[in-house]
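From first to last, the protein sequence lines stand for chains A and B.
Residue numbers for the first sequence follow our numbering, beginning at 7 and rising by one.
Residue numbers for the second sequence follow our numbering, beginning at 25 and rising by one.
What the hints contain is simulated information worked out from the structure, not anything from laboratory work.
Hints are not guaranteed to be accurate.
Said to hold, decoys possible - Under the rule of at most 25 Å between Cα atoms (straight-line distance), these lysine-lysine pairs were calculated in the DSS-like manner:
(1) Lys-342(A) - Lys-160(A)
(2) Lys-110(B) - Lys-122(B)
(3) Lys-125(A) - Lys-155(A)
(4) Lys-75(B) - Lys-220(A)
(5) Lys-240(A) - Lys-220(A)
(6) Lys-125(A) - Lys-160(A)
(7) Lys-172(A) - Lys-75(B)
(8) Lys-122(B) - Lys-160(A)
(9) Lys-172(A) - Lys-125(A)
(10) Lys-219(A) - Lys-240(A)
(11) Lys-155(A) - Lys-220(A)
(12) Lys-75(B) - Lys-219(A)
(13) Lys-110(B) - Lys-155(A)
(14) Lys-172(A) - Lys-342(A)
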Amino acid sequence: MRKLLAAILLLGAACTASAQLSIEITGAGAQRIPIAIVPFAGEGALAPGISTVVRADLERSGLFRTVEVPALRPPPTEAASVNYAEWRARLADALVLGSVAARPDGRFEVRFKLFDTVKGADLSGVAYTLSRQQARTTAHRVADFIYEKLTGEKGVFSTRIAFVVKRGNRFELQIADADGAGEETALASHEPIISPAWSPDGRRLAYVSFENKKPVIYVHSLQDGRRQAVANFKGSNSAPAWSPDGSTLAVVLSVDGGSQIYLINADGSGARRRISNSNSIDTEPVFSPDGQTLYFTSDRGGSPQIYRMPAGGGAAQRVTFEGGYNVSPRVSPDGKSLAYIARNGGRFQVAVLDLATRQVQTLTDSDKDESPSFAPNGRMILLATVNAGRGVLSAVSVDGRIKQRVPYAGGDVREPAWGPFIR
Amino acid sequence: MRAIWIAVMSAALAACAASPTAEQSPADVEEGKAKSAGAKSQAVPDQQVSKVDLTGKGQGRNLLTDPSSILSRRSIYYDYDQYDIKDQYKPLIEAHAKYLRDNPQS
Chain A
7 MRKLLAAILL LGAACTASAQ LSIEITGAGA QRIPIAIVPF AGEGALAPGI
57 STVVRADLER SGLFRTVEVP ALRPPPTEAA SVNYAEWRAR LADALVLGSV
107 AARPDGRFEV RFKLFDTVKG ADLSGVAYTL SRQQARTTAH RVADFIYEKL
157 TGEKGVFSTR IAFVVKRGNR FELQIADADG AGEETALASH EPIISPAWSP
207 DGRRLAYVSF ENKKPVIYVH SLQDGRRQAV ANFKGSNSAP AWSPDGSTLA
257 VVLSVDGGSQ IYLINADGSG ARRRISNSNS IDTEPVFSPD GQTLYFTSDR
307 GGSPQIYRMP AGGGAAQRVT FEGGYNVSPR VSPDGKSLAY IARNGGRFQV
357 AVLDLATRQV QTLTDSDKDE SPSFAPNGRM ILLATVNAGR GVLSAVSVDG
407 RIKQRVPYAG GDVREPAWGP FIR
Chain B
25 MRAIWIAVMS AALAACAASP TAEQSPADVE EGKAKSAGAK SQAVPDQQVS
75 KVDLTGKGQG RNLLTDPSSI LSRRSIYYDY DQYDIKDQYK PLIEAHAKYL
125 RDNPQS
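Same shape as in the complex, but just chain A (with noise of 0.2 Å):
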């Protein structure tokens, strides 16, 4: 007897033991949900396993704990009673049950309940059908529909970042989920591939392609790999931003002369329109939530800084006042906040300037970041570091405190960018 429950507390530690990922959560007053996710009956019959998927999505938000669960025989699906008191004493104010069947048409369906052991409750669940590729899409939306059940704000598991990967002379453009797990190869190339940006609607990238030797803004279609050259001007077509009603485009085109911002229509048609008139380099233009203001890098003053002007164009304010040198701003998604990269003593890291106090944060403690970008639920913010002389993507909450690095092997890694919710 001793040696069986022996075993089977084995088999719960080698479960645990391969969801664990590189997770770091530094400061004080980590309160995390502890959650209890059963294996889904039948879940061997996908890869990934849909909960395997669930736990790690959970634990990597930094905000949930799961409780190690024994081996149930049967296993629970989301039709059994639940004893809420043995889950209670298991120390779990949370519990996930499910089950996976193979369907006659060759497709699959998921179906899982959330329940609230503390009070004894019932939150509801949903049944999601899926074809076999699918498994892992489907365990991130069961893992956001989890985290604003208990946390009241809506998750970002099943949301993708697009990066470029460089290996020897080769460019990828790609798409992943935003755990950077089921990645796949938008755009391949020989030359380099910089600043995508996403379309509010998810569906399309903007970026800058070298393919004909010098830098011209696309419009990709991810889903037919359709694009389109939408700013091939004299000189150079850099750093494009979508309106977030995604009609326009703001880029910065040197083709009067110095580096200015223009708006051009996202679809291409129709005349460039210069709305900054400086002197100075004005570049990494962004637009803010309500498409009213856009923010930029400018050197104007002698240091780069970031500034922000109407999106019309019109007298720019200057935004950045600490330190000499603060680039690459993006606008949380609530408009509240922006977060950049500032210089500290030689060390180039992500801050976050609260627009209402003007309260500036240090967020992270490597020295190389780039390239922030906000999750859509303004939680989190993805950016690039270098790491051992390679380019590595990792991501930190707005308050410092959650730190993950983003495990992607094979390649040098750039230029990430948090793609919107999915419709």
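Position chain B against the provided structure of chain A, taking the given hints into account.
Only chain B this time, still in chain A's reference frame:
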């Protein structure tokens, strides 16, 4: 041994099955039932990415100048007073012939 274990587990499961009515308020039970009965499956949308590859033949790099391309080589040596193409140069000639056939404008 196995029999004991099964007995223990089924007892535990029976306990699970018995207790929730005591734990849940009637409203919760009703809600749970209604939801599981009415739960319709949502189809997970397809988010496929189609790949555009510019690294293939002739794209993104100049085949005639890229040192890793056979077409970057142009020299063919003959033996003294001979016009036979030596075997080692035949792939080079064929590569250039194919390039000219495939690119009539070049």
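Structure-based check of each hint:
no.	hint	verdict
1	Lys-342(A) - Lys-160(A)	holds, 18 Å
2	Lys-110(B) - Lys-122(B)	holds, 19 Å
3	Lys-125(A) - Lys-155(A)	holds, 14 Å
4	Lys-75(B) - Lys-220(A)	holds, 22 Å
5	Lys-240(A) - Lys-220(A)	holds, 10 Å
6	Lys-125(A) - Lys-160(A)	holds, 22 Å
7	Lys-172(A) - Lys-75(B)	holds, 16 Å
8	Lys-122(B) - Lys-160(A)	violated, 57 Å
9	Lys-172(A) - Lys-125(A)	violated, 51 Å
10	Lys-219(A) - Lys-240(A)	holds, 13 Å
11	Lys-155(A) - Lys-220(A)	violated, 48 Å
12	Lys-75(B) - Lys-219(A)	holds, 21 Å
13	Lys-110(B) - Lys-155(A)	violated, 75 Å
14	Lys-172(A) - Lys-342(A)	violated, 34 Å
When held up to the earlier numbered hints, the structure conflicts with 8, 9, 11, 13 and 14 and fits the remainder.
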